[in-house]
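Chains as they are written, first to last, in the numbering used here: chain H, 2 to 116; chain B, 30 to 139.
Be a bit skeptical, because a hint or two may be false.
Covered by chain H, per the in silico footprint, the following chain B stretches (three or more residues, Cβ under 8 Å) [what the hints assert, rightly or not]:
{"id": "1", "region": "73-82"}
{"id": "2", "region": "129-138"}
Distance windows between CB atoms, simulated [stated by the list, open to error]:
{"id": "3", "chain 1": "B", "residue 1": "G122", "chain 2": "H", "residue 2": "R112", "range": "28 to 34 Å"}
{"id": "4", "chain 1": "H", "residue 1": "N103", "chain 2": "B", "residue 2": "N56", "range": "28 to 34 Å"}
{"id": "5", "chain 1": "H", "residue 1": "E104", "chain 2": "B", "residue 2": "G83", "range": "26 to 32 Å"}
{"id": "6", "chain 1": "B", "residue 1": "D106", "chain 2": "H", "residue 2": "R58", "range": "25 to 31 Å"}
{"id": "7", "chain 1": "B", "residue 1": "D106", "chain 2": "H", "residue 2": "T15", "range": "48 to 54 Å"}
Hints listed in this document are in silico derivations from the structure and should not be mistaken for laboratory results.
All values reported here derive from a predicted model rather than from experimental measurement.
Glycine included, C-beta positions come from ideal geometry on N, C-alpha and C.
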Amino acid sequence: ETGVTQSPTHLIKTRGQQVTLRCSSQSGHNTVSWYQQALGQGPQFIFQYYREEENGRGNFPPRFSGLQFPNYSSELNVNALELDDSALYLCASSGMAADYYNEQFFGPGTRLTVL
Amino acid sequence: RKEVEQDPGPFNVPEGATVAFNCTYSNSASQSFFWYRQDCRKEPKLLMSVYSSGNEDGRFTAQLNRASQYISLLIRDSKLSDSATYLCVVNMGGYSTLTFGKGTMLLVSP
């Protein structure tokens with residue numbers, strides 16, 4: 002069974018640029034959630050995709066957008082990067098959106114630095 | 030009030046010690062509860078789910094008090110390998126999304 006993978010592992014961008022982060026979900030999982038973890042903080046929920054549709058969104062501005070593909074992999078896009086966007090971006094996959102005790106499996110993350 | 034609040038850390042304990050982490054959550058409609066462990070510069074990993082009846086997994090015991098909106102994690106006989114940040118996590122309903130606390134760092138020394 003292949004776990005959750007993310008690419009790239011590290012990325013450096015400058016303010017105003019755009020970035021795309023990628024996530025491949027674990028085999029058999031149809032739900033992908035994205036989280037932002039700033040240094041010294043817990044992960045913050047950005048949004049979730051279930052069967053290619055956005056299924057919930059946290060308190061993040063519209064310049065954070067995403068996609069899920071038919072194979073359940075996903076992208077997170079961030080436009081007009083700001084210094085505060087520097088963080089570890091985590092992708093988590095799970096089997097069913099409606100199971101409250103369903104475990105989410107996290108990928109290793111993409112560390113984004115905005116200069 | 031923050032949605033999920035944890036003890037500020039770090040906790041420095043010797044090997045063999047018993048350590049307890051506390052967590053409170055603000056949303057009384059929360060559906061499920063977890064403790065995740067995160068090693069330095071790694072992704073969070075599920076340590077254990079927390080059920081109303083309380084549950085135990087080896088040296089780890091988790092308790093939930095819905096009336097007080099309080100969750101705890103007890104680690105007995107601490108090992109060096111237990112050094113990590115422990116994240117209290119709550120599913121507040123809706124889309125199976127997780128709300129994380131800030132985390133409490135545990136440092137176990139020889």
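Outcome of the hint check:
no. : hint                        : in the structure
1   : 73-82                       : holds (count 4)
2   : 129-138                     : holds (count 4)
3   : B/G122 / H/R112: 28 to 34 Å : holds, 31 Å
4   : H/N103 / B/N56: 28 to 34 Å  : violated, 19 Å
5   : H/E104 / B/G83: 26 to 32 Å  : violated, 19 Å
6   : B/D106 / H/R58: 25 to 31 Å  : violated, 42 Å
7   : B/D106 / H/T15: 48 to 54 Å  : holds, 49 Å
Comparing the model with each numbered hint stated earlier shows that hints 4, 5 and 6 do not hold.
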